[in-house]
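A.B. asks: Please build the complex by placing chain B on the supplied structure of chain A, with the hints as guidance.
2 protein chains.
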Amino acid sequence: MTNRSLLAALAVAAAAVSMPAAAQFQKPEDAVKYRQSAMFVMANHFGRIGAMVQGRAPYDAATATANAEVVATMSRLPFVGFVEGTASTEKGKASAAIWTKRADFDAGAKKMQDEVAKLLAAAKTNNLDNIKAAFGEVGKSCKGCHDDYRNQ
Amino acid sequence: MTNRSLLAALAVAAAAVSMPAAAQFQKPEDAVKYRQSAMFVMANHFGRIGAMVQGRAPYDAATATANAEVVATMSRLPFVGFVEGTASTEKGKASAAIWTKRADFDAGAKKMQDEVAKLLAAAKTNNLDNIKAAFGEVGKSCKGCHDDYRNQ
Chain A
0 MTNRSLLAAL
10 AVAAAAVSMP
20 AAAQFQKPED
30 AVKYRQSAMF
40 VMANHFGRIG
50 AMVQGRAPYD
60 AATATANAEV
70 VATMSRLPFV
80 GFVEGTASTE
90 KGKASAAIWT
100 KRADFDAGAK
110 KMQDEVAKLL
120 AAAKTNNLDN
130 IKAAFGEVGK
140 SCKGCHDDYR
150 NQ
Chain B
0 MTNRSLLAAL
10 AVAAAAVSMP
20 AAAQFQKPED
30 AVKYRQSAMF
40 VMANHFGRIG
50 AMVQGRAPYD
60 AATATANAEV
70 VATMSRLPFV
80 GFVEGTASTE
90 KGKASAAIWT
100 KRADFDAGAK
110 KMQDEVAKLL
120 AAAKTNNLDN
130 IKAAFGEVGK
140 SCKGCHDDYR
150 NQ
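As they're listed, the protein sequences go chains A and B. According to numbering that gives the first Met the number 0, the first sequence is numbered sequentially starting from 0. According to numbering that gives the first Met the number 0, the second sequence is numbered sequentially starting from 0.
Next comes chain A alone, as it looks inside the complex:
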């Protein structure tokens, strides 16, 4: 690739993806949208495992593991998006308490990530009972933070 065609391709790529500048997020709204997007994708794939756990979908070991892999990847993403100045007073959105009790919030995030790692390990045992138990623990870790840090 010549320098000129590389530059052209980079310009194209930049236009295509609305690339952020040197900072991770160009504006606070991008950080909010990023964390919400990551949470939504995570919840969807967690829900696909839930459908098997709750008997609404047939248990398929490979599908469960693939979904748990996505959940594990997603579980690490949202928290960089909780940047200062992005609290909300709207129901269901991020409470200001996140920033006044950040260490506790971060510990809750870590707890969720740890439980998700156990869910992935459980999925890899190809045993639905193991998955059920781990799934419940992940759910509790979600609820813990949502109760405390999402506006009711």
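I should point out that these hints are in silico values taken from the structure, not numbers from a laboratory. Here a beta-carbon is modelled for each residue, glycine too, at the ideal position from N, C-alpha and C. There could be a bad hint or two in this list.
[As the list claims (entries may be wrong)] Below, computed lysine to aspartate or glutamate pairings styled on DMTMM-like, alpha-carbon distance capped at 20 angstroms:
1. B/K109 / B/D147
2. A/K26 / A/D103
3. B/K100 / B/E83
4. A/K92 / A/D146
5. B/K32 / A/E28
6. B/K32 / A/D29
7. A/K92 / B/D105
8. B/K109 / B/E68
9. B/K139 / B/D105
10. A/K109 / A/D146
11. B/K92 / A/D29
12. B/K100 / B/D147
13. A/K32 / B/D29
14. A/K123 / A/E136
15. B/K32 / B/E83
16. A/K32 / B/E28
17. A/K123 / A/D105
18. A/K139 / A/E83
[As the list claims (entries may be wrong)] Some chain B residues judged to face chain A by a derived CB distance under 7 angstroms, without partners named:
19. A37
20. F39
21. V40
22. N43
23. F78
24. T85
C.D. replies: Showing chain B alone in chain A's frame:
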């Protein structure tokens, strides 16, 4: 975990994540939000690599690879969200052409996934020049579909 506490945990988890029913998406809007969320997260992490490629952020091999891993995971997700009946006429949104030329759209998605796999391989060489070249090809594959299947 007793059956009763398992059931309680499952109820909690279901409430926490607005779990879809047996179908992957409960309603068409969920499919749209899912694909948009996955694309947004993918673009963000692709952009973080772009910042290094374009010299706006220092090159760090481990960070580049971690971001390429996320892009690779995300690249496989959005397309299940392009369900029938979710075309838009709004600028920048999914064009009806996706569903009239679905095979071509799917080929474009596959092309992007292949280029992203090469970007991940390039990142693992720990050589910024390799990453630059692969990054440009991914950008072109993004633009290809966006030009054809996103309302202008």
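A.B. asks: Decide, hint by hint, whether the structure agrees.
C.D. replies: Here is how each hint holds up against the structure:
1. Distance restraint check for B/K109 and B/D147: the Cα-Cα separation of roughly 15 angstroms lies within the 20 angstroms cut-off, and the hinted pair is therefore satisfied.
2. Using a Cα cut-off of 20 angstroms, the hinted pair A/K26 and A/D103 is violated, with the two alpha carbons roughly 26 angstroms apart.
3. This hinted pair checks out: B/K100 and B/E83 have alpha carbons roughly 12 angstroms apart, not beyond 20 angstroms.
4. Of the pairs offered as hints, the one joining A/K92 and A/D146 holds, with about 11 angstroms between alpha carbons and a cut-off of 20 angstroms not exceeded.
5. Under the criterion of a C-alpha separation no larger than 20 angstroms, the hint pairing B/K32 with A/E28 is consistent with the structure, at around 17 angstroms.
6. Using a Cα cut-off of 20 angstroms, the hinted pair B/K32 and A/D29 holds, with the two alpha carbons roughly 16 angstroms apart.
7. For a cut-off of 20 angstroms, the pair hint linking A/K92 to B/D105 is broken: about 35 angstroms separates their Cα positions.
8. About 17 angstroms separates the Cα atoms of B/K109 and B/E68, which keeps this hinted pair within 20 angstroms; it holds.
9. At roughly 16 angstroms between alpha-carbon atoms, B/K139 and B/D105 fall within 20 angstroms of each other, so this suggested pair holds.
10. The straight-line distance between the Cα atoms of A/K109 and A/D146 is roughly 16 angstroms, inside the 20 angstroms bound, and the hint therefore holds.
11. For the hint linking B/K92 to A/D29, the alpha-carbon distance of about 18 angstroms falls within 20 angstroms, and the restraint holds.
12. Only pairs whose Cα atoms come within 20 angstroms are accepted, and B/K100 paired with B/D147 is accepted, the gap being roughly 10 angstroms.
13. For the suggested pair A/K32 and B/D29, the alpha carbons sit about 16 angstroms apart, so the restraint of at most 20 angstroms is met.
14. Restraint check: the Cα-Cα separation between A/K123 and A/E136 comes to about 17 angstroms, which is no more than 20 angstroms; the hinted pair holds.
15. For the hint linking B/K32 to B/E83, the alpha-carbon distance of about 14 angstroms falls within 20 angstroms, and the restraint holds.
16. For the suggested pair A/K32 and B/E28, the alpha carbons sit about 17 angstroms apart, so the restraint of at most 20 angstroms is met.
17. The straight-line distance between the Cα atoms of A/K123 and A/D105 is roughly 27 angstroms, outside the 20 angstroms bound, and the hint therefore fails.
18. Taken as a hint, the A/K139 and A/E83 pair is broken in the structure, with Cα atoms around 26 angstroms apart against an allowance of 20 angstroms.
19. Checking B/A37 against chain A: minimum C-beta separation of about 5 angstroms stays under 7 angstroms; hint holds.
20. Annotation: interface hint on B/F39 holds; nearest CB of chain A at approximately 4 angstroms, less than 7 angstroms.
21. The beta carbon of B/V40 comes within 5 angstroms of a beta carbon in chain A, closer than 7 angstroms, and the hint placing it at the interface holds.
22. The interface hint given for B/N43 is met, as the beta carbon of that residue sits about 5 angstroms from the closest beta carbon of chain A, less than 7 angstroms.
23. This hint is violated: B/F78 has a C-beta 13 angstroms from the nearest C-beta of chain A, more than the 7 angstroms allowed.
24. Taking 7 angstroms as the C-beta contact cut-off toward chain A, the hint placing B/T85 at the interface is violated, the least distance being around 15 angstroms.
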